[in-house]
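Go ahead and model the full structure; you've got the sequences and the hints to work with.
Protein chains in written order, with this note's numbering: chain A, 1 to 294; chain B, 1001 to 1350; chain C, 2001 to 2271.
By construction, these hints were calculated from the structure, which means they are not laboratory data.
Small disclaimer: the values here were computed from a predicted structure and weren't measured.
Warning: the hint list may mix true and false statements.
[As the list claims (entries may be wrong)] When the alpha-carbon atoms are kept at most 27 Å apart in a straight line, the in silico DSS-like pairs for lysine-lysine are as follows:
id, chain 1, residue 1, chain 2, residue 2
1, A, K289, A, K123
2, C, K2213, C, K2159
3, C, K2183, C, K2255
4, C, K2104, B, K1327
5, C, K2159, C, K2133
6, B, K1315, B, K1332
7, B, K1208, C, K2104
8, A, K289, A, K160
9, C, K2104, C, K2183
10, C, K2183, C, K2151
11, B, K1208, A, K281
12, B, K1315, B, K1298
13, C, K2159, B, K1315
14, A, K289, A, K30
15, C, K2212, C, K2159
16, B, K1208, C, K2183
17, A, K163, A, K30
18, C, K2151, C, K2104
19, B, K1112, B, K1334
20, C, K2183, C, K2212
21, A, K289, B, K1208
22, A, K58, A, K163
23, C, K2159, C, K2183
24, A, K30, A, K160
25, B, K1208, B, K1112
26, C, K2212, C, K2151
27, A, K281, B, K1081
28, B, K1315, C, K2104
29, B, K1112, C, K2133
30, C, K2133, B, K1208
31, B, K1132, B, K1081
32, A, K160, A, K281
33, B, K1327, B, K1315
34, B, K1327, C, K2151
35, C, K2151, C, K2213
36, B, K1112, A, K30
37, A, K289, B, K1112
38, A, K136, A, K123
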Amino acid sequence: MELLIQVLIAGITIGSIYSLIALGVVLIFKSSGVINFAQGSMVMVGAFITYALVVQFKLPILLSLALTFLIAGLMGMIIERFVLRYLAGASLISVIMVTMGISYIMDGGALATWGSSNFTYPKLFPPFSMQIGGVKVSSVCLWSFLASMVLLVVFLFFFKYSKMGLSMRAAADNQKLAVVLGISARRVLSLTWIITSAVATAGGTLLASISALHVNLSYIGLVVFPVVILGGLDSVAGAVVGGLIVGSLEAIAGVYIAPYLGGAFQQVASFVFLLIILLIKPYGLFGTKEIERL
Amino acid sequence: MGLSNRRGWPYFLLFLAVFILFPFSLFQYTKYILFLVNMTAIGVIGALGLNILTGYTGLISLGQAGFMGVGAYTVAILSTKVGLPMWINLPAAGIITTLVGIIVGTPSLRLKGFYLAMSTLAAEFLLEYVFKNWESMTQGVQGLFITPPQVFGVHINNDRVFYFLSVSLAVLAVIGTRNLFRTNVGRAFIAIRDRDIAAELIGINVFKYKLVSFAISSFYAGVAGGLWCYYMTIINPEAFQLSISIDYVAMIIVGGMGTLFGSVYGAIFVVLLPELIQRLMEVLQPVLHMEYTFAAFKQIVFGVIIVIFLVFEPKGLAEVLSRLGSKVSNRKRKEAVQNESLPGTGNSKI
Amino acid sequence: MFSDGLRRPVDKTPSHLQIQGLSLHFGGVQALHQVDLEIPRGILFSLIGPNGAGKTSLINCVSKFYEPNAGEILFNGREITRFRPHEVARSGISRTFQNIELFKGMTVLENIKLGRHIHLRSGALAGMVYLGKARREEEMLEAFLDREILKFLGLTPIKNRVVATLPYGLQKRVDLARALSAKPEFLILDEPVAGMNREETQDMITHILDIKKAWGLTVLLIEHDMEVVMNISDWIVVMNFGQKIAEGTPALVQKNPEVIRIYLGHSYAET
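Here is the structure:
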């Protein structure tokens, strides 16, 4: 029983981070129909920049985080302005590959700058642990979970109720109409990418706090697709729920199933799960089905 | 093909002569060039397969590397554990990969666009997992050795011998693909890509043809993988990772999706690029000191190339070359017209 | 008993296409409500009605783009309600599209060849080898199309033009050629002369009538151009709000007060 609780705690913690990262993908899809294969790289680079600022430049933590958000946001804006704008209306494969290309550039850049070793992440959170069902929950896990949940709730409300959030949804739904109503689709798009980069950075710092900092962190960008599909490509709530479920499932698979099948089944587990979802409910729990017209 | 064109004959014979005689030349870098040609030929076959599926039929696949792996391991297992000869193993690689393709495709092809891509991504990871963990068959991460079969007393993985095999198969693959799109099956693929609902309504069984496209593409991938195994003589799961699948997608994008020679140009480009970078780095090595520079630089350049092509030249090299080609032929036409208008006609060389 | 007071002629031979109790709804909208139609062989049968009346929904049900919620569709006495779209096309029913669903990147000839796909037998393997079976089939295909379709519709000079470069009227004609290339027994035309001027309309109608006569086709026509409909139809069915309102010969339908009201308003119906 204790093992199960430990596993679930680990799963939900990592799951909440998955939710955060998936949120970035959902945001971009909702506002532009683009599926961002570079999300993982953005996560990794965000984590590294924070690390560099804290450890190498010895800046205070909060300032470093703020600066990283700024830099990441700037990168996001550059990606939108100088690359994706030219691919408006392009085919899906072009969009996937262009974001893949961007992720290659970011991964290569990180590799060239920091090399291929593991780095220990600085302690960002004040130590505070608690016990659930007799199992100690480390402060990192706790703070990660809390931070993710808070950010997710903020975004949920932002999209549903704020003026900017509504504008973004409108622009995503019907660009021409939104423009007529005075919503600048361009500004909305830039803002979306800036927000997504910031979200990715947050996810990256949390992730690196829990595991370690390494350029391979960018693989999370792929692992997050089962989450997005389970939750629904265009659903913020789906990203939340999907992340928690996939995180837990991965943890359970890693502990209970992997020993029988061998190898790193944990990673494959979420993709097996993905296949099952695709067969039963491809649009996910909360996604909207696309309708075709003749 | 210009075979029926009388004027093309001498060029064709010249080309054929170069093709046959080159491997025997005493040029210093012959072996290296043969190596590059062999790698490109394998790439061409894989890229043609992917282009049929993605470029012509519009079905995104991120699993091409996994399917190549199936072909490679089929050849390896059939030649080491069963001891079958190459002329059985290579087609078998194609057929077994086709079967795997049909198994993967049947549930997946009901899905569209992104969801299909995700399905192929899952297939890719699953295949990678199988290659790494089914150790009794694949030897896992250690890798599987094969003793290369012999042809006329020389091992098949000899650059020169393999060259004749790989280039011939690549040429056959190109011809087969070209023919496919002159007939109803190929046309159906393109129709499905352009407007699949309309295609269904005018009588095309869309699901069946999607599956056929997937099957053909898998066959090509399997043969490419089998050739890879014979050339490398050792295969391990690392050679069939997602990054290789992305390489193949990059080939068809850079080369030109939905064009015949796009697969060829793209394969040449993607095979040659890392070699070029390597040479460049060797020149720059004294200047730069960073450890992981080659891998990192390669990644950055690759990413930049993909982005540049997609932003500026989304139709790929095939389009660029065809534009250049029409400029040249326009100029020739203009010259011909000008020469005709001169007194005494343009035949005199004085 | 029908609203025009006439009895239908009693015909013992099975009708070519028969629709019984067809219903279709999208969420809360009832697109078709218990529609019955009987189309005998060889006639030119027209379906008219205001926009949103359900005409296109009806033919979309026949070609199975939509799945009807209730009812049966019988073709030559056989039930085709459960058929998949490509099976409907294979059974001898061909159609054109309101919005010209041509493959715009391909040439005219390639599009028309696609229309004949259901009759082509070469598989992938034969195609890749080409020499032999596939080549013969392609050559016969081209010969057939040149002879019977292209020349007839005056498309020979543009057969290698990419469809996207053609003007609207020509694209409509290519759509018709594509539908005809399968040599169907039953032809559904969805607004074939929409957006055309008098001359183009005249040409198109002449082509349709000629080929109908030459091949003995049954034609189901949806059209808004009343002059065309009244001039060429053997039988007309009027729809509104997803239901059949009236049917009969052109002369009778023209005088039907319901029909007049739908098209011209209350005041005219009173006169």
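field: Pairwise hint evaluation, K123/A against K289/A, where the allowed Cα distance is 27 Å at most
entry: Given pair K289/A, K123/A is violated - Cα atoms ~43 Å apart, limit 27 Å.
- prompt: Within a Cα-Cα threshold of 27 Å, do K1112/B and K30/A meet the stated pairing?
  reply: Satisfied, since the Cα-Cα distance of roughly 18 Å is no more than 27 Å.
task: Sort out whether K1081/B lies within 27 Å of K281/A, counting only the CA atoms.
output: violated, 42 Å
message: Hint check: K2104/C vs K2183/C, CA-CA at most 27 Å. Holds or violated?
response: Status holds; Cα separation ~22 Å.
- prompt: Taking 27 Å as the top limit, are the C-alpha atoms of K289/A and K160/A close enough?
  reply: Roughly 20 Å between the alpha carbons, so the hint for K289/A and K160/A holds.
query: Is K289/A close enough to K1208/B, meaning Cα to Cα at most 27 Å?
result: holds, 24 Å
- prompt: Holds or violated: K2213/C with K2159/C, Cα cutoff 27 Å?
  reply: holds, 25 Å
- prompt: Within a Cα-Cα threshold of 27 Å, do K1112/B and K2133/C meet the stated pairing?
  reply: violated, 33 Å
query: K2212/C and K2151/C: Cα distance at most 27 Å?
result: Holds, at roughly 16 Å.
- request: Decide if the proposed pair is consistent with the structure: K2212/C and K2159/C, CA atoms, cutoff 27 Å inclusive.
  value: Roughly 23 Å between the alpha carbons, so the hint for K2212/C and K2159/C holds.
message: K1315/B and K1332/B were given as a pair; does the straight-line alpha-carbon distance stay at or below 27 Å?
response: It holds: about 25 Å lies between the C-alpha atoms, which stays within 27 Å.
- prompt: Keeping to a limit of 27 Å between CA atoms, is the pair of K1132/B and K1081/B held or broken?
  reply: holds, 18 Å
In the structure shown, a violation is registered for the earlier hints numbered 1, 3, 19, 22, 27, 29 and 34, in ascending order.
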